[in-house]
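Student: Chains A and B are the protein sequences, given in the same order. Counting in the working numbering, the first sequence runs from 1 upward without gaps. Counting in the working numbering, the second sequence runs from 1 upward without gaps.
The set of hints was computed from the structure by calculation and includes no laboratory data. Don't take each hint at face value.
For chains that are exact copies, the list does not tell them apart, and a pair is met inside one copy or across any two.
Within a straight-line C-alpha distance of at most 25 Å, the following computed SDA-like cross-link-like pairs (lysine to any residue) qualify [claimed, not checked]:
| id | residue 1 | residue 2 |
| --- | --- | --- |
| 1 | K136 | G51 |
| 2 | K129 | Y145 |
| 3 | K129 | D102 |
| 4 | K136 | D60 |
| 5 | K56 | V44 |
| 6 | K56 | E46 |
| 7 | K124 | A31 |
| 8 | K136 | I36 |
| 9 | K56 | R45 |
| 10 | K124 | R96 |
| 11 | K129 | V44 |
| 12 | K56 | E43 |
| 13 | K136 | A176 |
| 14 | K124 | R35 |
Note that the structure is predicted; figures quoted are calculated from it, not measured.
Number of protein chains: 2
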Amino acid sequence: MRNRGLVIWLTGLSGAGKTTLALALAEALLAEGHRIEMLDGDEVRENLSRGLGFSKEDRDTNVRRIGFVARLLARNGVIVLASAISPYRQSRDDVRRSIEDDGVRFLEVFVRCPIDVLVERDVKGLYRKALAGEIKNFTGISDPYEEPFAPDCEVDSSTESVDQSAARILSHLLEAGATSSSVTQPQAVAADTCEAAL
Amino acid sequence: MRNRGLVIWLTGLSGAGKTTLALALAEALLAEGHRIEMLDGDEVRENLSRGLGFSKEDRDTNVRRIGFVARLLARNGVIVLASAISPYRQSRDDVRRSIEDDGVRFLEVFVRCPIDVLVERDVKGLYRKALAGEIKNFTGISDPYEEPFAPDCEVDSSTESVDQSAARILSHLLEAGATSSSVTQPQAVAADTCEAAL
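Make the full structure from the sequences, and use the hints.
Tutor: Below is the structure:
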């Protein structure tokens with residue numbers, strides 16, 4: 001099983017906890033001996049999409065580039081943790097299709113968090129600036145976010161801990177046969193929100 | 001050994017035979033059971049660099065992006081065959097450094113072919129257009145190509161066959177311990193032009 005790649009795609013608003021969750025998943029999966037790569041939206045922008053902005057077209061282009069790299073890695077046995085706002089449904093679905101067409105599993109995880117909680121948290125101070133109009137095209141404030149209709153898994157960082165969310169996703173992967181059997185056992189939190197889509 | 005990645009970077013003028021050589025290498029290495037990905041300059045442009053042109057800056061950006069993806073793949077055990085004109089020494093050297101800094105072997109292969117032979121061949125009709133001024137910034141005609149000072153391996157498609165070039169590179173890899181031992185045995189052609197750099 002360790003030679004089977006997989007793409008875990010974390011989508012959600014800025015500050016919802018995508019990267020934090022990806023790190024927790026990476027730690028657990030590394031402990032299992034899996035090959036892991038984390039593709040972070042911001043980091044990929046720096047390396048593959050410098051010069052692109054935040055128009056719909058540019059955001060979609062960035063998402064497709066992350067998808068392209070994720071596909072190459074996953075088809076070579078790597079578990080890819082891609083965390084990117086990826087606000088548009090169509091481009092997420094296109095990435096899923098390109099990856100599944102290559103025989104690789106794709107798990108869309110919607111990292112939900114209510115906007116008022118994000119504005120309240122505002123770890124990076126970005127929401128304050130966006131609300132003041134100092135940042136344009138800010139997802140959730142002045143730019144759209146299209147929630148997944150049917151994510152493979154949904155977590156909510158305002159109601160559960162990172163460990164709980166991670167455990168639920170790992171449990172889902174385990175049940176789907178996508179990872180080996182000794183991954184941390186899941187906690188009994190809202191397990192029904194993960195679809196058996198794999 | 002099959003879990004060790006490697007980047008084989010083929011640089012040279014358009015039409016010199018980089019992709020053809022990469023295909024021959026891929027075939028031999030696949031037969032050995034290695035994981036292989038081919039990153040072709042034109043294909044990567046389509047997927048990661050659409051919108052970039054052929055200025056020095058844009059060419060360098062494209063080369064760095066190929067290098068970024070090659071590094072991610074190779075550090076996960078893939079042998080990456082990157083074929084790109086990659087005309088500037090500095091960006092090739094930067095890519096090498098980033099990959100070697102990640103603990104991955106990097107083999108620069110200079111695919112040489114005299115310009116008059118390329119103009120004579122002109123398989124895609126590009127040299128005719130470039131000489132007529134219909135294509136601007138064409139490497140070797142109206143744009144520079146900086147030959148590697150000390151490539152790990154050098155082949156010449158005007159004096160040896162694809163099989164001879166491939167065999168020489170494979171022999172070099174084998175001697176360097178970068179691949180397993182049953183790869184096609186090398187032919188005794190100009191073996192001294194491959195540096196024992198690995």
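Student: Have a look at K136 and I36 and pick one of within, between, both or neither, based on CA distance no larger than 25 Å.
Tutor: Neither. Shortest intra-copy (34 Å) and inter-copy (42 Å) distances fail the 25 Å Cα cut-off.
Student: When no copy is named, should K56 and E43 be tagged within, between, both, or neither for a Cα gap of at most 25 Å?
Tutor: Classified as both: same-chain Cα gap 19 Å, cross-chain 23 Å, threshold 25 Å.
Student: I want to check one pair: K124 and A31. Are their C-alpha atoms no more than 25 Å apart within a copy, between two copies, both, or neither?
Tutor: neither (30 Å within a copy, 51 Å between copies)
Student: Is it within, between, both, or neither for K136 and G51, if the alpha carbons may be no more than 25 Å apart?
Tutor: Both: 16 Å inside a copy, 23 Å across copies.
Student: When no copy is specified for K56 and R45, does a C-alpha distance of 25 Å or less occur within a copy, between copies, both, or neither?
Tutor: both (15 Å within a copy, 21 Å between copies)
Student: Can you give me the call for K136 and A176, within, between, both or neither, at a CA distance of at most 25 Å?
Tutor: neither (41 Å within a copy, 53 Å between copies)
Student: Are the CA atoms of K56 and V44 at most 25 Å apart within a copy, between copies, both, or neither?
Tutor: Both, since 17 Å and 22 Å are each at most 25 Å.
Student: Can you tell me if K56 and E46 fall within 25 Å by alpha carbon in one copy, between copies, both or neither?
Tutor: The answer is both: 18 Å in one copy and 19 Å across copies each meet 25 Å.
Student: Using 25 Å as the alpha-carbon threshold, which applies to K124 and R35: within, between, both, or neither?
Tutor: Result: close neither inside a copy nor across copies, 31 Å intra and 41 Å inter.
Student: If the cutoff is 25 Å on CA atoms, where do K124 and R96 land: within, between, both or neither? Let me know, please.
Tutor: Neither, since 30 Å and 35 Å both go past 25 Å.
Student: With identical chains treated as interchangeable, where does the CA-CA distance between K129 and V44 reach 25 Å or less: within a copy, between copies, both, or neither?
Tutor: Answer is within; shortest intra-copy Cα gap is 23 Å, inter-copy 36 Å.
Student: At 25 Å max between alpha carbons, let me know whether K129 reaches Y145 within a copy, between copies, both or neither.
Tutor: Answer is within: at 18 Å inside a copy they meet the 25 Å cutoff, but 47 Å across does not.
In this structure, the hints that do not hold are numbers 3, 7, 8, 10, 13, 14, in rising order.
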